[in-house]
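Based on the provided sequences and hints, a complete structural model is requested.
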Amino acid sequence: MDVILFLVFALIAVVCAINVVVQTHPISSALSLVGVMGSLAVLYLLLGAEFIAAAQVIVYAGAIMVLFIFVIMLLNAGAETRKGRSYMVQLLGVPLLIAFLGLAAFFVQRMYGDEAVTFGLFQKGGPKEIGQALFTTYLLPFEVTSLLILVAIVGAIVLARKEFD
Amino acid sequence: MLSAVPISWFLTLSAVLFALGVAGFLFRRNIITVFMSIELMLNAVNLSFVTFSYHYKSVDGHLFTFFVMVVAAAEAAVGLAIILTVFKNRGTLNIDDVDSMKN
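If you're matching them up, the sequences are chains A and V in order.
When the letters of the first sequence are read in order and numbered with our numbering, they come out as residues 1 to 165.
When the letters of the second sequence are read in order and numbered with our numbering, they come out as residues 1001 to 1103.
No wet-lab data here; the hints were simulated from the structure.
Check each hint, because a few of them may be wrong.
[To be verified] Each computed DSSO-like pair below joins lysine-lysine, with the alpha-carbon atoms no more than 27 Å apart: (1) Lys-1057(V) / Lys-128(A); (2) Lys-1102(V) / Lys-1088(V); (3) Lys-124(A) / Lys-1057(V).
[Said to hold, decoys possible] If you want the ones that stay clear, here's a sample from chain A, every Cβ over 10 Å from chain V, calculated: (4) Val-21; (5) Leu-91; (6) Pro-95.
[As the list claims (entries may be wrong)] If you only want the chain V side, here are some residues facing chain A, beta carbon under 10 Å, derived: (7) Ala-1004; (8) Trp-1009; (9) Thr-1012; (10) Ala-1074; (11) Asn-1094; (12) Val-1098.
Here a beta-carbon is modelled for each residue, glycine too, at the ideal position from N, C-alpha and C.
Structure representation (structure tokens):
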């Protein structure tokens, strides 16, 4: 059951990720990216990370992607036009990418080959444990995060409002 | 037939998604799609954080994922504001046309 669930959603994630890269229109890429994020949320649940799965759906698939789609609509971005495309990149890049992935898979298999993920074995991914760690061990980073968000809000407003002649 | 998913499959999936993000970042010419490829890479790294959190039976990886999400949200807000400004000034989204720092 776990294996089937993993394979289905891993396949969806990879197909959507390929779609992000090959689609020429930004809206198609954005919708495929939502698919990647949704299937990753299911995989987080499989790993026992309930809070992170919920945050993935709400923050990533909800807030950030809506922001992206909003900007694509606002700018009325059309399909991408290519000029001077380099065939050297595809000739050299794709085999090197596959070789790198094969190497990474091989070493990961050797290092962690015997361990398996069992659903329900890891129980510490709920909001209670996350909150406890967030407000004790990681209190300072958490507060700095709020400052970062504030700076980002002010920066975004200043950048977007700026009038050039 | 396997009864449980090996942990290496999760890490390999993370590597595949990260490599696709890098490919999109390098191949694509639309500045918004380049930005989305960066989000794809961040998601891939999040998956390996959560997987290692499972491996070490500790909640720290989830906290890192949480912080990555927060930084990604801030980065998306500022980055999209920059894209808006670039489009307002130059009227293009093609990163090959935005090359005034080149010479």
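Less than 10 Å between beta-carbons is the criterion; does Asn-1094(V) satisfy it with respect to chain A? 7 Å, holds
Take the C-alpha atoms of Lys-1102(V) and Lys-1088(V), compute the straight-line distance between them, and say whether it is at most 27 Å. Holds. Lys-1102(V) to Lys-1088(V) sits at ~20 Å (cutoff 27 Å).
Given the hint that Lys-124(A) pairs with Lys-1057(V), test it: the Cα-Cα distance must not exceed 27 Å. 8 Å, holds
Does the nearest C-beta of chain A fall within a distance shorter than 10 Å of the C-beta of Val-1098(V)? 14 Å, violated
Can we trust that Pro-95(A) is non-interface, i.e. its beta-carbon lies farther than 10 Å from all of chain V? 12 Å, holds
Using Cβ atoms only, decide whether Ala-1004(V) comes closer than 10 Å to chain A, and label the hint accordingly. 4 Å, holds
Is the interface hint satisfied for Thr-1012(V)? The criterion is a beta-carbon contact with chain A at less than 10 Å. 5 Å, holds
Quick check on the hint: Trp-1009(V) CB to chain A CB, less than 10 Å? This hint holds: Trp-1009(V) lies near chain A, its Cβ roughly 7 Å from the closest one there, short of 10 Å.
10 Å cut-off, C-beta based - Leu-91(A) kept clear of every residue in chain V: 13 Å, holds
Least C-beta distance from Val-21(A) to chain V larger than 10 Å: 4 Å, violated
Let me know if the C-beta of Ala-1074(V) comes in closer than 10 Å to any C-beta of chain A, holds or violated. 4 Å, holds
Within a Cα-Cα threshold of 27 Å, do Lys-1057(V) and Lys-128(A) meet the stated pairing? 16 Å, holds
Hints 4, 12 from the earlier list are contradicted by this structure; the remaining hints agree with it.
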